[in-house]
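S.K.: What follows is each chain in one-letter form.
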Amino acid sequence: MWRAEWGKSVRLPVKKTYKLYVGGAFPRSESGRSYEAEGANVARASRKDLRDAVRAARETFPKWASMTAYNRGQVLYRVAEIMEGRRAQFVELTGDEAEVDAAIDSWVWYAGWADKLAQVLGSSNPVAGPYFNFTFPEPTGVVGVVAPEEPALAGFVARLAPVIVGGNAAVIVASQKRPLAAVTLAEVLATSDVPGGVVNVLTGRKDELCSVLAAHMDVNAIDLSGAGDEREELERLAADNVKRVVSNGDGQSPWHVAAFLELKTVWHPIGV
Amino acid sequence: MAQAPALPGGFELPLEPRLPRIGSVDQVAVEDRAASLARRSIKRESKLFALDLAVRMMDLTTLEGADTPGKVAALCSKAMRPDPSDLTVPPVAAVCIYPNLVSIALDRLQGSGVRVASVATAFPSGQSPLEIKVEETARVAEMGADEIDMVIDRGAFLSGDYAKVYDEVRRVKEVCGNAHLKVILETGELGTYDNVRRASLLAIAGGADFIKTSTGKIQPAATLPVTLVMLEAIRDVYEETGRKIGMKPAGGIRHAKQAVQYLVLLHETLGVEWMTPDLFRFGASSLLNDCLLQIRKEKTGRYQSPDYFTID
Amino acid sequence: MTEIEKRQDRSPVPSAFDYAPAPESREIVTLEDRYGLFIGGEWVEPKSGEYEATISPATEEPLAEVAYAGPEDVGVAVDCAREAFENGWSDITPGERAKYLYRIARILQERSREFAVLESLDGGKPIRESRDVDLPLSAAHFFYYAGWADKLEYAFPNRNPKPLGVAGQIIPWNFPLLMLSWKIAPALAAGNAVVLKPAESTPLTALLFCDVVRQAELPPGVVNIVTGDGRAGAELVKHPGVDKVAFTGSTDVGKEIQRAVAGTGKKLTLELGGKAANIIFDDAPLDQAVEGIINGIYFNQGHVCCAGSRLLVQESIYEQVIAKLKRRMGTLRVGDPLDKNTDVGAINSREQLEKIKELVAAGEEEGAEIFQPPCRLPEKGWWFAPTVFTNVAQSYRIAQEEIFGPVLSVLTFRTPDEAIEKANNTPYGLSAGVWTEKGSRILSMAQRLRAGVIWANTYNRFDPASPFGGYKESGFGREGGRHGLEPYMRFE
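Residue numbers (my numbering), protein chains in the order written: chain B, 4 to 275; chain G, 4 to 315; chain W, 4 to 495.
Calculated from the structure, these hints are not laboratory results.
In this text the structure is predicted, and so the values were computed from the model without any measurement.
Where a beta carbon is used, it is the ideal one built from N, C-alpha and C, also for glycine.
There may be inaccurate statements among the hints.
[Unchecked claim] Straight-line Cα separation of at most 27 Å, BS3-like style, residue types lysine-lysine; simulated pairs: (1) G:K300 <-> G:K50; (2) B:K66 <-> G:K220; (3) G:K50 <-> W:K343; (4) B:K180 <-> B:K267; (5) W:K165 <-> G:K302; (6) G:K46 <-> G:K167; (7) W:K165 <-> W:K241; (8) G:K300 <-> W:K343; (9) W:K360 <-> W:K383; (10) B:K11 <-> B:K22; (11) G:K167 <-> G:K220; (12) W:K270 <-> G:K46; (13) B:K267 <-> B:K66; (14) W:K241 <-> W:K270; (15) W:K475 <-> W:K269; (16) G:K247 <-> W:K329; (17) G:K46 <-> G:K74; (18) W:K360 <-> W:K425; (19) W:K50 <-> W:K241; (20) W:K441 <-> B:K267; (21) W:K383 <-> G:K46; (22) W:K165 <-> W:K329; (23) G:K220 <-> G:K74; (24) G:K260 <-> W:K343; (25) W:K269 <-> W:K258.
[Unchecked claim] Here are a few chain G residues that sit away from chain W, every Cβ distance over 10 Å (derived from the structure): (26) G26; (27) S27; (28) V31; (29) A32; (30) A76; (31) A77; (32) A141; (33) A166; (34) P223; (35) R299; (36) I314.
Using the sequences and the accompanying hints, generate a full structural model.
M.R.: See the structure below:
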């Protein structure tokens, strides 16, 4: 039945389209599918989208890894700056001011780790011989992340920041029920000097995406903190290329970063 | 000042034992030095002088499979009179072309002072039997080319056969006649600055009049740090023997601003004596128009549009 | 003559390819006529009533009048710092403390050109250095330490780190803003409040820094800047309200300070003078090594505690190195610090110039051979041409005493052992340089050189993550890196 207010000239808001974030761009799913979440149509990523995301991550990884740690720290701090500027938008999405503040502060916290990891995780080792021996951390490469369903924003940031601060590139499957915060965060990443491809965000059904991610032979590590009952199956799939399987606890910690870093030890003789 | 040795080319050296101690180059320091020289500020008066010099130092180049007499003829006209609306702009130093187009170029450029440089020795790869490369060079010299740009055998160099590289340069130089010889190192394939220095000294020992960075057919071509390394090698030869060798960065120099940076590098490393087309050339094609744009901008005070300069 | 050679002779050779002056504009800087002291977040007039002009060393023109703090002023500043520390600064969460420091870092980045011009104007160093080295490093230092503020338990596991309270900090004139950053950033990150006294000849960037403090909305009293001369410094050192003293400057004054705090229980760090050896082996990449020598002693006019002021060159390459060095010295441009093409700026003060001249005269008198490239020095201002002494004996004053100017002394050695002996034969131990292509030799030399910073195949590299500090009479304590936090903390 017609309602009077529909006949009035009220400004109609322009509704947002929620797409994937891959290689620095916002494509729709190659499958053309979408699903409804939080009252919006959200892209439903396919295995091919995931394939493309991994490829984008792999391509950009060398560039991100070879930036100075200081540079990477500054980029993460910039993410916090841009996110702070959009604080109201995030509060509206999540309905939780404390969660948004925690997410922003998380970026700031991790940003400060970039140029300190080597000092805390590395060492010079006093071997019994005339050799200089030192150990230093290096990013492992492309990291797959299954984000927790809740909290949609802070949980996403808590899993993503430690992956990239050490120089890795990420392919992250967002909360299935509440994906909008992740896509909005992707918009922040796209405008914060984060090179395209360093972070790739896929929305869609976890039961279509997670196993593909876990089985992908060009992914070096996988964070299953956000996985539910399928965890065992995913861990088994991950074994095919000896992925590092990570399940970081809650909270923030440099050990969460270390989980995605390799340690390299170098020997060199000391002599004239 | 030291006197040049009595030998016809380069300075004498027994190769294999000497080369590894020819010295090394620190990558970080050399790139740092080149970058800091690139930040030198040149103001108006010097800039106009530098741009004019850059034009006079240019080897206007076309090295395509599709080159025709028509294309080369047009290039020659451009070479002689780069900016028809401003006759104070000087002609370039030379045109650089494939052997089949040499006679056309000689014909067009007759009496203009612009020289004809031809590539030879199975350019750009150099992967041909020596006899053929020598024969090609001899023919090109016979045709009357003023300058010959040869390539070193990178396969030989990278597999450690330095003697072969040296012999080839000597044999080619022998048949050059009056033409002066530029030796292309193809620095983009050599991998390290150490190798660039070694190849430079090797080429000079073999008789090069000029050492040149690249064929322009691969990336990376000329860069400021690579040029600095080569200029330093030239400086060491000069200190030891008194002989002045020329240098030519080629490929990848598209903007006048870059050309000026190369001239700053040259000036700081080798000094005023090398600031002449007889000892320094730019191997380029689109660089010319950018220089013309900048020259006109310096003279008129207005930023220019490429529409006002002929392509060739 | 061949055709080519005939043509070579006729080709026009340019008579000059000169860099026209490229001055950075001064307009970006706004100078007050007169500056007070910055205490408790406000500008206050000195109770001492004293003001002195600060002079531009390139032109001898007075730039502004600056307050000279007296004992009462220092006392007020320390009290403000103590109050800030006890009534709030030490209570805010470390994460929030970090954010203040991040703000400062970002503001320094935003205003970097303004600070660079002011630094060159007040101190005499080339704008290229203040722009490309001092400013980026200063901002980076705040950025780096901001990141530690809320991670101290990882820097000192199981030690329960806590701030000390109030730090009294005295900095020199050679890198005014950078030294300020080296002092303030870690102190604040650790949770302390500070009273900082800039050098009397270079107060302006510290004073402008107070505006950054204002823009960052740092709580009042956390950072206090008291300008003045040695008297104010001495007051700060002996004030009982100061828990920790940090000093960078000459070894002589450092010793005085160490005497002054004896028995007080105050923590102390000292970063003093040096007479670093820059050691070149015969397999070094020579052209780059020469750049390293140049950078080591002529960077910042040699006003660098870690300057490579003694060149130890292996005898087998001596002639070649000296020839290249002299040639390269001839391309150094001495002149207006605000000119972007200038390599070597003005000597910081008349006093310093006199010291340099005195030692150089001593060098000539003792029998060393002096070389200076032809250099037209400006009429006004304080200048000294880049200088190198050859035929120097280990015992000459110019090989033993810190000149703190653009003067290099050259000695030779035959073997690595001899190089080590000569390099270590000094009461100083701040830094050293080693040039060789051989990795094992780098490590062996690094192991045996008694210096806090060893540069291999490079020189004068600084980074907030890299600890810096000396052995022996070059001082103790480290600045930079995780280790740079330690002096500002107390542990259970």
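S.K.: Confirm or reject each hint.
M.R.: Each hint tested on the structure:
1. G:K300 <-> G:K50: Judged against 27 Å, a Cα distance of about 11 Å means the pair holds.
2. B:K66 <-> G:K220: holds (26 Å)
3. G:K50 <-> W:K343: Answer holds: G:K50 to W:K343 is near 16 Å, not above 27 Å.
4. B:K180 <-> B:K267: Answer violated: B:K180 to B:K267 is near 40 Å, above 27 Å.
5. W:K165 <-> G:K302: Not OK: W:K165 and G:K302 at ~66 Å, beyond 27 Å, violated.
6. G:K46 <-> G:K167: violated (47 Å)
7. W:K165 <-> W:K241: This hinted pair holds, its Cα atoms lying about 23 Å apart.
8. G:K300 <-> W:K343: holds (23 Å)
9. W:K360 <-> W:K383: holds (17 Å)
10. B:K11 <-> B:K22: violated (32 Å)
11. G:K167 <-> G:K220: holds (23 Å)
12. W:K270 <-> G:K46: Cα-Cα ~53 Å, so violated.
13. B:K267 <-> B:K66: Between B:K267 and B:K66 the Cα gap is close to 19 Å, so the pair holds against 27 Å.
14. W:K241 <-> W:K270: holds (12 Å)
15. W:K475 <-> W:K269: holds (20 Å)
16. G:K247 <-> W:K329: holds (21 Å)
17. G:K46 <-> G:K74: Roughly 37 Å separates the two Cα atoms, so the pair is violated.
18. W:K360 <-> W:K425: holds (25 Å)
19. W:K50 <-> W:K241: At roughly 19 Å apart (the allowed maximum being 27 Å), W:K241 and W:K50 satisfy the hint.
20. W:K441 <-> B:K267: holds (22 Å)
21. W:K383 <-> G:K46: holds (25 Å)
22. W:K165 <-> W:K329: Violated. W:K165 to W:K329 sits at ~53 Å, over the 27 Å cutoff.
23. G:K220 <-> G:K74: Holds. G:K220 to G:K74 sits at ~19 Å (cutoff 27 Å).
24. G:K260 <-> W:K343: holds (17 Å)
25. W:K269 <-> W:K258: At roughly 15 Å apart (the allowed maximum being 27 Å), W:K258 and W:K269 satisfy the hint.
26. G26: violated (6 Å)
27. S27: Violated: least Cβ distance 5 Å, not greater than 10 Å.
28. V31: About 7 Å separates G:V31 from the closest Cβ of chain W, which leaves it inside 10 Å; violated.
29. A32: Check fails; 4 Å does not lie beyond 10 Å.
30. A76: holds (25 Å)
31. A77: holds (26 Å)
32. A141: holds (18 Å)
33. A166: Non-interface label on G:A166 holds, nearest chain W Cβ at 24 Å vs cutoff 10 Å.
34. P223: holds (20 Å)
35. R299: Fine: 20 Å to the nearest Cβ keeps G:R299 off the interface.
36. I314: Per Cβ check, G:I314 is outside 10 Å of chain W; nearest 29 Å; holds.
In summary, the numbered hints that this structure violates are 4, 5, 6, 10, 12, 17, 22, 26, 27, 28 and 29.
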